[in-house]
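Colleague: Protein chains in written order, with the working numbering: chain E, 1 to 232; chain A, 1 to 384; chain D, 1 to 268; chain W, 1 to 409; chain H, 1 to 312.
Heads up, a few of these hints could be off.
Unchecked claim - Taking beta-carbon pairs under 7 Å as the criterion, some of the chain A residues facing chain H (in silico):
| hint | residue |
| --- | --- |
| 1 | Leu-80 |
| 2 | Ile-143 |
| 3 | Val-146 |
No lab work stands behind these hints, which were simulated from the structure alone. Glycine included, every Cβ here is placed at the ideal spot set by N, Cα and C.
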Amino acid sequence: MLELDDVSAAYDTTPILRDVDLSVEEGEIVGVMGKNGVGKTTLLKTVMGLLEPSEGTISYDGTDVTHASADERARAGVGYIPQGRDVFPKLTVEQNIKMGETIRSDSDETLYDQIYDYFPVLEERASQEAGTLSGGQQQMLAIGRALVSNPDLLLLDEPSEGIQPSIVDQISQDMQTINDDLGTTILFVEQNLGVIREMADRCYAMERGTVVDELGPSTIADEDAIAEYLAV
Amino acid sequence: MSRNSANGGMNRSLPSRLRSRFEGPNTIGESRGFWVGFAAAVAALAIYPAFGDGSQLSLFMVLALLGLSLSVVWGYSGVLSFGQVVFFGIGAYTFGVVSINFATPGGITAAVVAGIVGGGLSAAILGYFMFYGGVRDVYVTIITLVSTIVMHTFMAQTAGSEWAIGEAALGGFNGMPDIPLLTLGVGGLSYQFIYNPFPMRILGIGAFEISPFYYLVLVLLVGTYLGLRALVNSDYGRVMVAVREDEDRTEMFGYNVTRVKFVVFTLGGALAGLSGVLYAARNVYIDPTVFSLLFATLPVIWVSIGGRKSLLGAVVATLAVEYLRISMAGELALVLLGTLLLVTILVLPSGLVPWLHEQIVDTRLGPGEAGGADTPDAPSEVSD
Amino acid sequence: MSDTETESDIDPLGPNVRQTAAELATGDRTETLLQTDGLVKQFGGFTATDDVDFSVAEGELRCLIGPNGAGKSTLLNLITGTYEASDGSIYYNGHDITDLDPHERVSRGISMKFQVPSVYGDLSVRENVRLPVQQFADGEERRRLVAEAIEAAGLTGYEDVDASQLSHGQQQQLEIGMAAALEPDLLLLDEPVAGLDVAEREAIAERIRRLNEEAGIAFIVIEHDTDFVASIAEEVTVLHNGEVFREGPIAEIESDPEVQRIYLGGES
Amino acid sequence: SAGEGGTSTDTASSTDTLKIGVLEDQSGNFALVGDPKAKASMLAIEEINANGGIDGKQIETFQRDPQSDNQRYQELTRTAINEENVDALWAGYSSATREAIRPIIDRNEQLYFYTTQYEGGVCDEFTFAVGPTARQQLGIVLPYLVEEFGPDIYTIAADYNFGQLSADWVKVLANENDANVLGEEFIPLSESSFGSTINRIQEADPDFVMSMLVGANHTSFYEQKASAGLDVPIGTSTAMAQGYEHRRLDAPAMANIYAGVNYMEEVPTDSNTGDGGFVDRYFEMYPDAPYLNEEAETNYFSTYMYKKAVEQAGTTEQPEVIEALESGIELGTEEAPEAPEGETIKLDGATHHVDHHMWIMRADEEHNIEAVENRQIPETFLSETAGCNLPENPEQTQYTPVDYYEEAE
Amino acid sequence: MVNGINLALQFLDSFAFIVLAAAGLAIIFGIMGVINLAHGEFILIGAYTATLAVTQLGLPLVVAMLVGGLVTGLFGILTERVIISGAWPNYISQRTLGRDVIEPLYDRLADSMVATFGLSLILTQGARIRFGNSIDQIATPFGAISYGEFSYSSYRIVLAGVSIGLLLVTYYLFTRTDFGMRARATIQDKETAQAMGVNTDRMYMLTFGFGSALAGLTGALFAPVISMQPTLGDQFLVEAFVAVVVGGPSVVLGTALSGGVLGAILATFSNLYGTFIGRIALLVAALIALRFLPNGITGFIEQLRKRRQESD
Ligand SMILES: Nc1ncnc2c1ncn2[C@@H]1O[C@H](COP(=O)(O)OP(=O)(O)OP(=O)(O)O)[C@@H](O)[C@H]1O
Ligand SMILES: Nc1ncnc2c1ncn2[C@@H]1O[C@H](COP(=O)(O)OP(=O)(O)OP(=O)(O)O)[C@@H](O)[C@H]1O
Ligand SMILES: NC(N)=O
Ligand SMILES: [Mg+2]
Ligand SMILES: [Mg+2]
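Produce the entire structure from the sequences given, and follow the hints as far as they go.
Modeller: Following this line, the structure appears as structure tokens:
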């Protein structure tokens, strides 16, 4: 479904990603882990199209999207939840969600109920300006907003950051449900060991801008092995 | 860092210690080369009247003080004021009114002080009104903009004879033409700076007249520049910059951000007032165009073009833009000027002087030279 | 001050009798450092904190947990003066500080690190640190304090790097360093390790413990990572729907079924 | 060269060229009036140069656009005098401009021509204010309107020295003609909305309005009063002749407006509209120019006066040229090609003013212009009332009506 | 009675003037964070286009005015592409130098001011060079109404109606349509909006174009009643800036309200004490409003609304 081949990317002139190879099969949930600053967010931005690779190719759903813009990819079914809860602060909660909905013509109304089901607070605060939500509430909104577009591939950048433990558990479960029910493919970045273990079918480990290892289910189950990748 | 302390031990000569007062991360030019160039530039300005139109240059230097006033307020403290011309104009009119009413050397000297105080006081009042009322960001810009419009609207309709303060008629659009010649001192111990040329003869250059006003302004400009350099590189300057970067954060370090803005704004007002005094004194005239939207925009243009975080930029750009404005001729002049401003701001968003500085530093930092005693961090270590 | 009336509201197990390890060791009596009294904050029709009575003792390290939207950040912002209280009072060292400006509270010894890292991105690390230090130190002493703070933040060698070029974790460290450089009596941290990797979390936990024990700085720390909370604090306060919901030792709180229901979830 | 205040009679005089400074507004609020002024100066200079120059010297020009900004005028005046060493200077439309630069002119003893119609009263040894004055302009139009429409006048005027003093002259002339001023209103030059002014005129219900509005912003008044249905007759010293509103606005906005002027393009003299006349010559040089206005003629003839004076003096030395001008230069004794407003035009040496031939020009419903009255009106305020005699008694004064008339207060 | 009508008509007049002067600026400044000092010249383009379309092409007035708005809108789009976002120069430089040469001026207040000031010099002087110091003017349609000793131009009442209509259209567009939501989202967070499938480039371009078109329409509407000369835009600037800022964060509602409040002040004081006092009153009211309602009128209303909810 997603294939990165020798991808390098840079901010202006600062090179960040180096020769990243990575692939995600349809229906998979794949994690990306690594220490702060290794380039995980940069990787997701590059996949989303917010950063143009300086080298390499990205293909999505069998087509080459290396030079497609972010909005084109979004309309082609890539959903993105940025790190640091980038909600639109001056739009209401409802309008934020609506922004997600209008991406695709085939989104359906029942998704709203599902999202409100996961995060009741979003329904309660429908007309509050998103910028005044608490940190965790904003994170929930960002997730809800991405889900409502019913993406085929969902990119999650540290979804558990700032979220209370019970909801973190719930999010991992929900993601799996979504994956099961709707067949949504998920590529996510996490620091939270629990979440990685809970969610990921497979995992990539990054170091200094490149993928250094791929972890199968058995390694993921091993708490110490994962901790090692996150703490080197 | 070890390099610095090693150097510190060896060349902490008096000049370098003196220099350190004027250097720091908030200004460009931390090298001996810079100061040599600076001295050369000042020397060039000092002999310029022998070759060119010193009278005109004196005008540009007066305006450079206005540019500097915006540079401290906006470039260093983050308060984008559209109202420097208000304080400039109030300084100028105050000088005019007081000196017309007290046209003795002592009176004129007092008028200069009154003009500076007038500029500072009006800034203090407006600043108090805004900052202690919690007005921030773009709202400050717009309130100051509206203030200039108020002043313009008001002063433009004072042509009637009922608008006079003592002997001084405000004159509306006519302006105030009867300002006495700038004379500083009291009684016999005074000196006239305007229209008092003294002839000079320099071998190899020839005979020419020099205007004491020109040198008065030059001294004030260089003094102000150095003074502001010292200010922005002081502890207080660090706080100003912190306020510019993030007001809330700075408040959380225990600084009274409101007061910092108030103080800097007042200082900027006094400086603009000084500039206005000199402007009115030089032209022996003042009129409400100083409050017009065009004139109010000019300081923002000078400072943006020169580089808003650079005092030197404010000075250089004021001289350059004003020279172009006055000397371009023909119907395309305004088109060219507009194009120039547009292209400069688009291509050099951080300003002309910082860009030039970068070019110079880049080309100069050849191998072997990068490690000299004049690298930027060395003096900033000394300044603690 | 209305101490007498509020006496009964104060938790009998509250700060007056709690002591840090350091003070127990030296035998010092601890005093109430901060006390809120019926603190209310409303946003429009919404009550973010509701009649909160909360206190911290000198030298105490207190964690504040609770569901998203419980009012934790709001409470800290009330203490620092970033928000104005709708009702109620805040006492610090026995003085009513409810109406003081934020900078006045800072100069009395309250210092805060925001939820989103907010260092001065365009300034170098050294300039960042000088800003708090210059308020009370000059010359040689200032240079020493600046160097120490930079070293404690693990940023030696980065003195002349612009803060915006630091990693997320380094920025958090720098910001804690700057807040600590003020030598406060009370330091407020809002989610200091959110988004940090395991190694950096440990470094920050270590840092907080040291500042608490060695410098005697009292802390209020908001954090959702319960392992992290457990690693630094013994006592936690749970906020829920803007009210103090539970207070007590971490172990006790973690096993409280109500807390599990509203906050921790699952098995725990 | 840097000093201020040195005399400026050096250089050019001994060379085979002479230099004239022309500072007229080509942008800003007064561009509409200033541009024809500059063009007419150039026409005169071109004609003179083509005919062998002045005493064999070709004229060079120093020309800049002061952008309707008085401070800029000062700066350019300094440059013209100190750097360019001009032999004579033409500068400025508004009276405020003239007063802003006159101190610089006087200090440098610079020969200066001010060529706008104005409020009058300037008695200055270096200034030749050769446009018509309020007493001349209002003096022809106001009595006529009192006669035609009745004695009640409402004055609207630009809020600066020209408007204020002109309004005083309306009061003086009203008194002399048994009329009364019901109200007067001064309008800042930046104003362009006249709703409440129109209301107030309607409330006062005068027999006619005297309008001394100035500049591009004020032009809006005429269309606004027309569309509001205000059709009171208007007398003016500024409209039509300067900013050709009758050409720019759709008829009948300017119907029933009476301009008291020495010149406008439509003035029906042979030397003006006849074959090869002033109008023909002007549009031959500037085929795209929109209009030939009152001030343009003044720039034009005064350049010829200067030529005659230099030739009479035999030098460009300014004191001598001023002396020659004061001897009473007269143009156009036969066909008056250089003085299209009338038969001849004569400079009064004592006052540095001109005894103009004045016209009342009226616009009809279709904006056709007809001359309803014309006669020579001498400048009398300075010569008779104030007693200005510059060759005898050099001074640098502006006399105002309040000094001499009670009703002007 | 009669004075009451005077006052009412004058109020309509001031209201229409303030609202129309501010409309385009409100979008470009309020939504896009660009201080457009060439706003007056956008108005000029609209006014000249409409006038020339009537006098040179013989188009009917209403059509000519729409053309004025349209042409200015297109010019706005060009300005946005070339200067404000720098998209076209960057497209070229990407292919020649391999990097962008222009950093977009969005939310860079002062820089946008300098750039648009340069643009305004070019446009004003360009108009002067091309069309001279004035162009022939068109007459005001619809005649006058009279009451008692007074009369008033009917066209000005039409202007008031049009200004209200424009406000409604704009309000609907930006708050009730997907376009409006996407435009606002784009301005708040470009990257995230892209990730939400918004073609942000197009949003910037269209929003700027729409704001420009409003300015152009204002010029076209006022073409009959103001003097047609290259600096005609200046007379709108003061009211425009004041109204936008006094209005506060909700752009359209704010403009309407500040048009109402400031219009009432301007009309009342001009009527009672003359134009000058009216103008000073307007400015002083603006200063006071900014000082005591730093979030503008709509910010204040929002606050009131919340306080009412609190007491419920
Ligand atoms: N806009 C930018 N311009 C220049 N450099 C950047 C930019 N954004 C990030 N970087 C740098 O790129 C590197 C990788 O950043 P990135 O955000 O991808 O890391 P990350 O793995 O997501 O880290 P974290 O776990 O802290 O989120 C870092 O060194 C960072 O400083
Ligand atoms: N300006 C505001 N207007 C309206 N509601 C607000 C505002 N600020 C905060 N709130 C609401 O107040 C409640 C408390 O917010 P607060 O930020 O204190 O939560 P928190 O406990 O820090 O949560 P988190 O753990 O998610 O950061 C939230 O429901 C939030 O939506
Ligand atoms: N002389 C004039 N019109 O100012
Ligand atoms: Mg990241
Ligand atoms: Mg929070």
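Colleague: Verify the interface restraint on A/Leu-80: the C-beta must sit less than 7 Å from at least one C-beta of chain H.
Modeller: Holds, because the Cβ-Cβ distance from A/Leu-80 to chain H comes to roughly 6 Å (cut-off 7 Å).
Colleague: When the nearest CB of chain H is found for A/Val-146, is that gap smaller than 7 Å?
Modeller: Status holds, d = 5 Å.
Colleague: Have a go at the A/Ile-143 hint: is there a Cβ in chain H nearer than 7 Å to its own Cβ?
Modeller: Nearest chain H Cβ about 5 Å off; hint holds.
When held up to the earlier numbered hints, the structure conflicts with none and fits them all.
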